[in-house]
Structure formats: C-alpha cells, structure tokens
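Undergrad: Letter by letter, the chains look like this.
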Amino acid sequence: MSQQTLRIQRISGHAGSIPGEDTQRQYTVAKLVDTTTCIGCKACEVACVEWNDMPFSSTTFDNTYQTMPETRWNYWNLILFNEHEREDGSLMWLMRKNQCMHCAEPGCLAACPADGAIVQYTNGVVDFQQDHCIGCGYCISGCPFNIPKFNKETKRVYKCTLCTDRVSEGLEPACIKACPTGCLHFGSKDDMLVLANNRAKQLKDNFNFPNAGVYDPKGVGGTGVIYVLHDATQPELYGGLPSNPTIPLMVKLWKGPLKWLGNLAMAGGLIGLFVHYLRFGPKDRDEATPSEGARP
Amino acid sequence: MSHADQILPHGRVLRYPFAERLNHWIAAFSYIYLLLTGLAFWSPWCFWIAAALGGGQTSRMLHPWAGLIFFFAVMRMYSMWSPQMRTTESDKQWWRSLNHYIQNEDEKMPPAGRYNAGQKALFWSFFYGAIALLLTGIVLWFPESIPWNLRWLRYISVFLHPVAALVTIANFLIHIYMSVFAERGAFGSVIRGDVSLEFAKRYHPGWYKEIVGGSSSAPRK
Chain A
1 MSQQTLRIQR ISGHAGSIPG EDTQRQYTVA KLVDTTTCIG CKACEVACVE WNDMPFSSTT
61 FDNTYQTMPE TRWNYWNLIL FNEHEREDGS LMWLMRKNQC MHCAEPGCLA ACPADGAIVQ
121 YTNGVVDFQQ DHCIGCGYCI SGCPFNIPKF NKETKRVYKC TLCTDRVSEG LEPACIKACP
181 TGCLHFGSKD DMLVLANNRA KQLKDNFNFP NAGVYDPKGV GGTGVIYVLH DATQPELYGG
241 LPSNPTIPLM VKLWKGPLKW LGNLAMAGGL IGLFVHYLRF GPKDRDEATP SEGARP
Chain B
1 MSHADQILPH GRVLRYPFAE RLNHWIAAFS YIYLLLTGLA FWSPWCFWIA AALGGGQTSR
61 MLHPWAGLIF FFAVMRMYSM WSPQMRTTES DKQWWRSLNH YIQNEDEKMP PAGRYNAGQK
121 ALFWSFFYGA IALLLTGIVL WFPESIPWNL RWLRYISVFL HPVAALVTIA NFLIHIYMSV
181 FAERGAFGSV IRGDVSLEFA KRYHPGWYKE IVGGSSSAPR K
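In the order they appear, the protein sequences are chains A and B. All the letters of the first sequence, read from the start, carry residue numbers 1 to 296 under my numbering. All the letters of the second sequence, read from the start, carry residue numbers 1 to 221 under my numbering.
Hints were generated in silico from the structure; no laboratory data involved. Check before you lean on any hint, since a few could be wrong.
Claimed, not checked - Covered by chain B, per the in silico footprint, the following chain A stretches (three or more residues, Cβ under 8 Å):
no.	stretch
1	12–19
2	108–114
3	135–148
4	254–266
5	269–282
To be verified - Computed cross-link-like contacts, EDC-like style, restricted to lysine to aspartate or glutamate with a CA-CA straight-line distance of at most 20 Å:
no.	chain 1	residue 1	chain 2	residue 2
6	A	K155	B	E144
7	B	K108	A	D284
8	B	K201	A	D284
9	A	K149	B	E210
10	A	K152	B	D5
11	A	K152	A	D53
12	A	K252	A	D53
13	B	K108	B	E183
14	A	K252	A	D115
15	B	K108	B	E89
16	A	K218	A	D115
17	A	K177	A	D53
18	B	K120	B	D5
19	A	K259	A	E105
20	B	K209	B	E107
This structure is a prediction, so every number in the text was calculated from the model and none was measured. Glycine included, each C-beta is placed from N, C-alpha and C at the ideal position.
Just chain B, with the same shape it has in the complex (with noise of 0.2 Å):
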C-alpha cells in the first residue's frame, strides 16, 4: 500500500489495514480467555473464573487450545510487524525520556515511528512470551507423557509458565491503559483503522511524516 492511499477524507489515515485488526483481535480474544481460565487455574480464589467459563474440566480442555490460536496470532504479528519493530537510536532516546512520556508531556519525546519504543518493547515481551509459554505449555498439555526421568522439564515447566504469563499480563495491562484510556483515539484505529491527522501527528510524528510529506497531493482536511 502506497501512503497516498494511507491518507482518507475527512483528515484521517489509516493505521490498521484490515488484515491487522483481524489478526489483532484473534490475538486479543484467545489471550482473553487464556487469561481468564490461567486465572483459575493461578489462584483457589480465582477458580470462581473456570466455574463461570463452563467449568473446570472445561476451561482445561480449552487452554492448550486458545493457546495455539493465540501463538499462531502472535507468529502472524511477527512477519508483518518485526521490520518496524527493530529497535533504533530515537528509540534509546525514548527511553530515556519515559518520564516524560508519563506526564504526558508528549511534545517532549523523541519522534516516534510507526510504533514508539514502548509499543516495540510490548511487541517483543509479547512474541518472546508466546514462545516461552508454547513451550512450557506443551509440556503441561501432556504432562502425563513426560517419563520420569525426564520429570525436570515439568518442573521448569510449571515455574516459567507462570513467569512467562506474568510477563505478559504486565505489559498486557499497561497496553489496555494506553490503547483504551490513555490515548483517545486509539482503541477506535485497532477497530475502524483509522487515525485523525492530529493523533499521527501527535504520537507518532515520524509515521506522520512518512505518510504525508512522501504523498504529492495535500492531505484534504
């Protein structure tokens, strides 16, 4: 897709193509429901979750299953995202800046890209994470069929499982903050695609740049 064709009437563009949103919802919706039934199964005081899910027996069944879904979302995200994901030298300077970025002094940050620092390192716990946790995963799938002399991968198992899950649950968390309270607007691009001229501009000035300085008409307002 040319960035003309990024830029649509009524002083939006699009951020999200279709494909994007799609796979991002897939992704969402399986790690929901991992979320909920690991939950249950983290926590005595969380079982309630699986109850209201259908059930113990239920929710186990289904985990490994929303698992793969959400592994193979997360391995779709990395072809069509990990060029834009690469770290760079503005990125280092992101960070040194996070202060700012937590004040909500934006006009302060280095110009991000298509993706800030924030969002690449949440793109990398998430891919990273995925992997740990279909690793460890698998072994907890079938953990009757690992022999007892090989009974250390189900311990490393049942530990990193967990760890990696946390991993992700942070960052998890911090993504819905922003995407859904911090930066109005957001939620709508990951839904419709699109973003006001102002929000590209805003939060990701590079993008913005790249977008409208290379399309040879004016972005119509």
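With the rest of the complex left out, here is chain A (with noise of 0.2 Å):
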C-alpha cells in the first residue's frame, strides 16, 4: 500500500491520462512457486498473516492438511492440499501456494469502477487501495481466480499487495523470507522464467516427470506469480488452477462493445431528440392557444 517509489501504469475507473506514466521503468517482479518442491509447511501463511497483521478468525477444518477452504479477505496466502492418485495407482500430494496471481491484464481492474481503487505498478504488482474502493464487488467478477475477498464489516474489498509495502523498499514479500525449502523465489520475471523452465527442465530430463512444465498464462497476460508443476497439462489438479484463465466473456463484452454501444445509443439518442424538436417542435404549435387553455 506504500506507493513512495512506485509508479502507477494502470488506474481502475480512471477517465483520461494515468498521472507519470511512463516516466520511470522498473522491472516486472514475480513469485516463482516451485510445487515440486513445497512441503506444505505452510510457514508462508504465517509469515503473511504476520507481516500484514491480519486480525485472527477461526478456520474451517474439512478433514484434510488445508486451513480452510478458500483465502479471506483477512487470508491472502493459502496452500491448497490435493492428494492425488495417479495412473500406476500411487499417491501424490499436490501443494500449491494460492494468492493473487497479479496478472498482467487484470480483470479485477478492467471490471472496477471505482477511480483509483485498484492500480498497476509499473513492476507489475496489482494493489487494492481500500480508501478509494466503493465495495461494489465487480472485481470478485472480474477475477478468473477467485482472489478478491469482500470484508462484510468494512465493505471493501481486499487481496495479497504482493507485500508492496516490502518490495518498494528492496525487500522480498514476507511469505518468500519465511520459506524454509527454498521453493519460492522472488525476482524480475525473466529471471524467475529462466529459473522456472531450468528447474522444469531438470524434472523432465532428471527425475521422470515428462509433463512438467512452467505455469504462466497467456489468457491474462502472463502472471505475476509462476508456478512449476510436475505435470503442467493438468494444472486443475492443483487446488483447481485454471488451465486457461482469461477474463470473463461477459465481463469484456459488458466493458468492452456493450459501453460503446451504449454510450453511442444514449448520445446520439439525445441529439436525436434535440434534432426533432428544433425540426418538428411541439405537437401543437399550429393552434393559435395552447392546448392547456385557460386555468382558472
């Protein structure tokens, strides 16, 4: 939430020029979470829970390793637990390390009205400010990961920063410095891309997954979080991960044709009428009293 040395590239709800666009360059940062290598040890959630001094709420157990079903909107970190069968019939758990996928073509910011209550960083980081959010709720729509969490009391809407408030200062996101094995990486995005497909590599050549592979969508954009995954054609099996995440149709026909059409039927509607009444004036313009006639 600390914006001192970030500069802004994208405003949600925003009517004309973004205010230093392009004035200063900085390189787009990401996560890379290697889920071949998470313990799920969970120290990460701590450390987020921490380091944003999240108010404690009780969780809800369902009879597996996951602290409760989804992130909250005082929750931003949260590994999900699969415990997958596969062909040869032997176990496999499946940890995935679920936030904000700080996507390059946001959907939570196309779908919010509000001006300024979500904004891109030139380093890619998607933040909430909550003191411009309306609470509306369309970023829960726009969102194709079901990230953005709405808090009841306050009625805003909040999500991982991408612990902006550290990484403006040179400091890594909390949930990275509390890693113990070493599988999250925090860094430019090429560099976290290089390491990715080296370690994707090492497990196809090395340790006999054929599948695996780099997560990192082209639907929105890429992500500001990357995953390794031992098999990267199924990324559903990790906590439901979608295998082509883009924004929602609805959501880009609405922001998209929808407002133009709209915009161009209400405008030239107005004109229109305007237009007939300077060519055709009022229906009784002929009759020498008005129609009205005289009021007591």
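Build the complex: two chains, separate frames, hints provided.
TA: This is the structure in structure tokens:
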C-alpha cells in the first residue's frame, strides 16, 4: 500500500491520462512457486498473516491439511492440498500456494468502476487501494482466480498486495522470506522464468516428470506469480488452477462493445430528440391557443 | 370513479388521480437517482456524479435500496394500469402510422385510448426492465455471497444489468421528451392531475369519447 517509490501504469475507473505514466521504468517482478519442492509447512501463510497484521479468525476444518477452504479477506495466502492418485495407483501430494496472481492484464482492474481503487504499478504488482474502494464487488466478478474477498464490516475488498510495502523498499515479500525449502523465489519476471524453465527441464530430464512445465497463463497476459508444476498439462489438479484463465467473456463484452454501443445510443438519442424538436417542435404549435387552455 | 366525476370545471378533465400521480413520482425520483448513480458506475467519465451525490461508497450503498423502491413503484403501476396497457388492434395501426406521429401529424393517427401504443411500449419496457434489473441487481448487491461454482450468475448479471438499464434509458429519454417538450400540458397533468378537453380530444380521442360521451351532462366550458 506504500507507493513511495512505485509508479503507476494502470488505474481502475480512471478517466483520462495516468499521472506519471512512462516516466520511470522498473523490472516486472514475479514470485516463483516451485510446487515440486513445497512441503506444505504453511510458513508462508503465517508470515503473510504476521507481516500484514491480519486479525485472527476461526477456520473451517474439512478433514484435510488445508487451513481453510479458500482465501479470505484477512487470509491472502493459502496452501491448497490435493492427494492425487497417479495412473500406477501411487499417491502424490500436490500442494500449491494460492494467492493473487498479479495478472499483467488484471480482470479485477478492468471491472472496477471506482477511480483509483485498483492500481497496477510499473513493476506489475496489482494493488487494491481500500480508501478508494466503493465495495461494489465487481472485481470479484472480473477475477478468473477467485481472489478478491469482501469484508462485510468495512464494505471493502482485500487481497494479496505482493507485500508492496516491502517490495518498494527493496525487500522480498514476507511469504518468500519465510519459506524453509527455497521453493519460493522472488525477482524479476525474466529471471524467474529462466529459473522456472531450468527446474522444469530438470524434472523432465532427471526425475521422470515428462509433463513438467511452467504455469504463466497467456490468457491474462502472463502472471506475476508463476508455478513450476510436475504436470503442466493438468493445472486443475493443483487446487483448481484454471488451465486457460481469461477475463470472463461477459465482463469483456460489458466493458468493451456494450459500453461503446450504450454510449453511442445514449448520445445519439439525446442529439436525435434535440434535432427533432428543432425540426418539428411541440405537437400543438399550429394552434392559436395552447392546448393547456385557460386555467382558473 | 365514474366518468362524470372526471369532468372538471373550466373545460378540464381529470387524467391522473392522486394515487397515480404520487406513485409516478416515487418511481420517477427513485429512477433518476438510480440513473445518476448507475451512470457513475457505468463509466469513469461519469464517476464525478457519484462524488457529487455523496461519494462512491454512499452511492454504492443507496443504489440497491433506491432500486427496491423503484421496483415496487413499477409493480404498483402494473397493478393499477396493466388492464389499460393491453395491445389493441388500433395499436398495431398506430405503429404503422408512426411516421405521422413523429412528424406531429396527429390528425392522421388512429384514435388512441387512455394510452397510445407508444405509451404502452414505455410501460411494458419499464415493467420487464424493472424485473430484469431487480433479479440481476440482487446478484450485484451481494456478489460475495455467490459461491464460485455459481459465478456464471455474476457474469450474466454484470452484463444484463446495464443492458436492461440501457433499454429503460432509451424509453426514459423519449418519455421525458414527449411529456415535457412535445405535448404541452402533459407534464402538468402528472403534477396537478388534469388536462384540457382539447388535450384529451387531440391525443387520446378514444379516452375523450369514453368520458364525455358517457356522461349525461355536457361538459361545462
């Protein structure tokens, strides 16, 4: 939420130009989550709650190792557990650190009507500004990853900030800092992609995971959180990670063609009615006395 | 109310009794608030309207409640007016003669009753529009309560809510234009309730015949 050293490249619900756009360039940053070396210790969950000073709330136990069914407004970082049965009958524990993906083309930002409630910094981080949020929840509909969560008391929406306050000071996000196995990495997107691809190649060549690969979905322009998966052909196995996430079609139609057609129709209607009055005037102009008649 | 009661002194006819006028303005004021705040959420270029009306948060909080008021006002209209809004044979002719209506050649129009075909279309567009806006509006009111596997409800709603609103806006603009600018006397009728006999004869000859023809006493001039 600190934006001292961060420039903005995209603003939600904003009319006109973006102040300071293109005056400064920054590396696009990314988190790399190597699911193949995650041990499900949840240190990142604790670090997130600690650093962001989240109020504690009771959880829902559903007979798994998972802390709760899905992320919450005050719980932005959640390991999703899946006991996957492989073709040979052996079990494999798939664990994925779920959080905001920081899409290059964020659906939340596209859907948001409030000026400045969602911004994207030049380093690619997508951040909610709760003081500008009006609580409409359109971001919830725009997100293909089910990330923005509504707080019924404050009537605002919250999610992972990618520890903007730390990153802007040159520190790594709290979750990365806490990871004991080194399955979490943070750096420039380019560096993280090289690291991720090397790891995927290692898994293919040496560890008998022929489908290993990197998850960086193009449907949302790539993401600020990339995963190394044992089986990149089935991302759904990892807690329902969508294989081809995009901004929902209806949201695109609403913010694209419908908006243009609607604006055209409304402006055209106003102009048309005005011109009609100039051309034809009121219906009873030909009468000597107005049809209203004399009033008592 | 008998037809004779509708004939007032000084060549006036009662067109909208108090209950109808009150209901009209409940719908009108709530609709105008909904339109203004809705436009603020529609486009960043209109977001200043929300600021002028007390801020985005306030607008977001009150818009659904104004929507409920508007919905119930429209449903009250349905209970009062729906029998008079049924399409008749003469309405079909009215649409075929629309060109004359647009060019203010009202003498060439088939005789309209209490409501002409255009007014009936306005009524039904607002009736169905209000239902669509309510159903999609409830989803948008509590988007966080829609579970992830029912997210298609949200997708449909974010699209259909503005579509339904645009349909009502088109009708609303024409309604304002006709009543305030095109037909002198129409705006006053929904405030004070009465129109002149000339107005009734000119725009609603069927309705005029019903009232004046049905009364035993000739209208007092």
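Undergrad: Kindly indicate which numbered hints from before are broken by the structure, ordering the numbers from low to high.
TA: 9, 10, 12, 16, 18
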